[in-house]
Amino acid sequence: MGIKFDFRTKLLVIVLMMSLVAVLTSDILIYTLLGLLCIYLLIQGFYRQTVKYFVVCCVFIVLRLYSDGNGVTFLMPEMFLFMILRILMMVMAAQPVLGMPPGEVVAVFKKIHAPNGIALPVTFTLRFFPTIRSEFSDVFASLRLRKLLSWRHPLDAMEYIVTPVIFRSSRIAEELAASAESRGISNPGVHSCRRKLLFRKRDWIMCVAAIAVTVMYFVLERTVAV
Amino acid sequence: MEKEKSVSTKFSVKDAATIGIFCAIMFVVFMAYSMLTGASLFYSMIFNAAGAGFILAPFYVYMSMKVGKHGPALVYNIMWAVIAGLMMGPFMIPWFLGGGIIAELSMWGKDSYHDIKRVSVSWVITALVRAAHGMSEIWFFKDAFLATGVSEEQVQIQTQYYTAPKWVLLSLVATAVLAVLGCMISNKLIVKHFRKSGAIR
Chain A
1 MGIKFDFRTK LLVIVLMMSL VAVLTSDILI YTLLGLLCIY LLIQGFYRQT VKYFVVCCVF
61 IVLRLYSDGN GVTFLMPEMF LFMILRILMM VMAAQPVLGM PPGEVVAVFK KIHAPNGIAL
121 PVTFTLRFFP TIRSEFSDVF ASLRLRKLLS WRHPLDAMEY IVTPVIFRSS RIAEELAASA
181 ESRGISNPGV HSCRRKLLFR KRDWIMCVAA IAVTVMYFVL ERTVAV
Chain B
1 MEKEKSVSTK FSVKDAATIG IFCAIMFVVF MAYSMLTGAS LFYSMIFNAA GAGFILAPFY
61 VYMSMKVGKH GPALVYNIMW AVIAGLMMGP FMIPWFLGGG IIAELSMWGK DSYHDIKRVS
121 VSWVITALVR AAHGMSEIWF FKDAFLATGV SEEQVQIQTQ YYTAPKWVLL SLVATAVLAV
181 LGCMISNKLI VKHFRKSGAI R
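The listed protein sequences derive, respectively, from chains A and B.
Per this note's numbering, the very first residue in the first sequence carries number 1; after that it's consecutive.
Per this note's numbering, the very first residue in the second sequence carries number 1; after that it's consecutive.
Please note that a few of the clues may not be correct.
Claimed, not checked - Straight-line alpha carbon distances no greater than 30 Å define the calculated DSSO-like cross-link-like pairs of lysine-lysine that follow:
1) B:Lys188 to B:Lys69
2) B:Lys10 to A:Lys111
3) B:Lys142 to B:Lys14
4) A:Lys52 to A:Lys111
5) B:Lys69 to B:Lys110
6) A:Lys110 to A:Lys147
7) B:Lys14 to B:Lys166
8) A:Lys196 to A:Lys111
9) A:Lys110 to A:Lys196
10) B:Lys110 to B:Lys196
11) B:Lys117 to B:Lys69
12) B:Lys14 to A:Lys110
13) B:Lys192 to A:Lys147
14) A:Lys110 to B:Lys69
15) A:Lys196 to B:Lys14
16) B:Lys69 to A:Lys111
17) A:Lys147 to B:Lys188
18) B:Lys10 to A:Lys110
19) B:Lys10 to B:Lys110
20) A:Lys52 to A:Lys110
21) B:Lys142 to B:Lys166
22) A:Lys111 to A:Lys4
23) A:Lys111 to B:Lys14
24) B:Lys196 to A:Lys147
As the list claims (entries may be wrong) - Counterexamples of contact, computed for chain B against chain A with all Cβ distances above 12 Å:
25) Cys23
26) Lys110
27) Asp115
28) Lys117
29) Leu128
30) Ser136
31) Trp139
32) Tyr162
33) Pro165
34) Leu172
35) Val173
36) Lys188
What the hints assert, rightly or not - Facing chain A, a subset of chain B residues (Cβ under 7 Å, in silico):
37) Ala17
38) Gly20
39) Leu86
No lab work stands behind these hints, which were simulated from the structure alone.
Note that beta-carbon positions come from the ideal geometry of N, C-alpha and C, so glycine has one too.
Looking at chain A on its own, in the form it has when it is part of the complex (with noise of 0.2 Å):
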């Protein structure tokens, strides 16, 4: 169990590594701060997201060292490797919004008095994203057993898969509106929350702490380049 911080703490956090996604040059410090965003994580309580993403980051930190800044094969362009680690920065600093419960998106939209048109797709794509994966892998593996997938006819093979996904995902859709109407999402009135929205003092030290190595950043950035 992990130390919960406020959404708007989460939030700066990204906006801070958006920042320093868009200036960071030297590779050290890349290294570095993929460091820090494990430590970020792990005080959340992400145990098993941060050792997949500790391992993808060795996995390619290690190849960008080993290519020494030409690319692995054709298959792996410098610029393949390169951008996989900035993407790979932005998603560690997104992870802990993406695992947010939909009652508390919710509840935070409605403090931040978000437009609904917004708002509501939104939240529906943060619930849903954790299950799009089995989704797919369903379909996927009911069209095997069935030995309908077939490279030989591309289009039949798209027919089958895109089909089932869309009826699927679309029942889904109907399913957590009926459940989201059900509980008054729509309703105009004021809404309360079972989970407080409070910022906290521990979200105060990590406002200032995400402050300080952004600024420490930018100045390393700086004496690097020079």
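With chain A held as given, fit chain B onto it using these hints.
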């Protein structure tokens, strides 16, 4: 009462759920496809958006027709604007946002989201915005792009392809053609499966 409900222009929770879920699917499919094809620089530069325009078309067409009212094109592009802002830099947000507004404006008028030709137009605009985003980094945002710490190799390759009219034209034409083809196949799927079953009116 039932008729009133079916022609309502108000965005319902069900519409939001449909858009949210299909945006998530399209994002995951696009990422998987990009990872698989990302190994080839040439393909990534020229044909990535074209392939995505074809593969993602069924999801987009279904989402648009299922919702059947204004919003899906704009919300989908806003989602991409946020993702592009996070992954590539904030300078990309106005590019995708502008594309989303144009795509939504192309759907101006009543019942346009049930017309496959109109949906195809908005999908082609969306696909072209994605195809041209790499070009825009070189054409309009070069300084901001260079400041992101992008490797010299990438800048060289992007400049090489995206300043040569034949490659730019090839990329954009391939994207438009495959996006239209994707929408045509999607329409056949809609008629064959989803309209018959009553999932789409």
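These are the hints, each one checked on the structure:
no., hint, verdict
1, B:Lys188 to B:Lys69, "holds (21 Å)"
2, B:Lys10 to A:Lys111, "holds (23 Å)"
3, B:Lys142 to B:Lys14, "violated (41 Å)"
4, A:Lys52 to A:Lys111, "violated (33 Å)"
5, B:Lys69 to B:Lys110, "holds (8 Å)"
6, A:Lys110 to A:Lys147, "violated (48 Å)"
7, B:Lys14 to B:Lys166, "violated (45 Å)"
8, A:Lys196 to A:Lys111, "holds (11 Å)"
9, A:Lys110 to A:Lys196, "holds (13 Å)"
10, B:Lys110 to B:Lys196, "holds (24 Å)"
11, B:Lys117 to B:Lys69, "holds (15 Å)"
12, B:Lys14 to A:Lys110, "holds (19 Å)"
13, B:Lys192 to A:Lys147, "holds (22 Å)"
14, A:Lys110 to B:Lys69, "holds (24 Å)"
15, A:Lys196 to B:Lys14, "holds (27 Å)"
16, B:Lys69 to A:Lys111, "holds (27 Å)"
17, A:Lys147 to B:Lys188, "holds (23 Å)"
18, B:Lys10 to A:Lys110, "holds (19 Å)"
19, B:Lys10 to B:Lys110, "holds (13 Å)"
20, A:Lys52 to A:Lys110, "violated (33 Å)"
21, B:Lys142 to B:Lys166, "holds (21 Å)"
22, A:Lys111 to A:Lys4, "holds (18 Å)"
23, A:Lys111 to B:Lys14, "holds (22 Å)"
24, B:Lys196 to A:Lys147, "holds (26 Å)"
25, Cys23, "violated (5 Å)"
26, Lys110, "holds (19 Å)"
27, Asp115, "holds (19 Å)"
28, Lys117, "holds (21 Å)"
29, Leu128, "holds (22 Å)"
30, Ser136, "holds (16 Å)"
31, Trp139, "holds (19 Å)"
32, Tyr162, "holds (14 Å)"
33, Pro165, "holds (23 Å)"
34, Leu172, "holds (22 Å)"
35, Val173, "holds (22 Å)"
36, Lys188, "violated (9 Å)"
37, Ala17, "holds (4 Å)"
38, Gly20, "holds (3 Å)"
39, Leu86, "holds (5 Å)"
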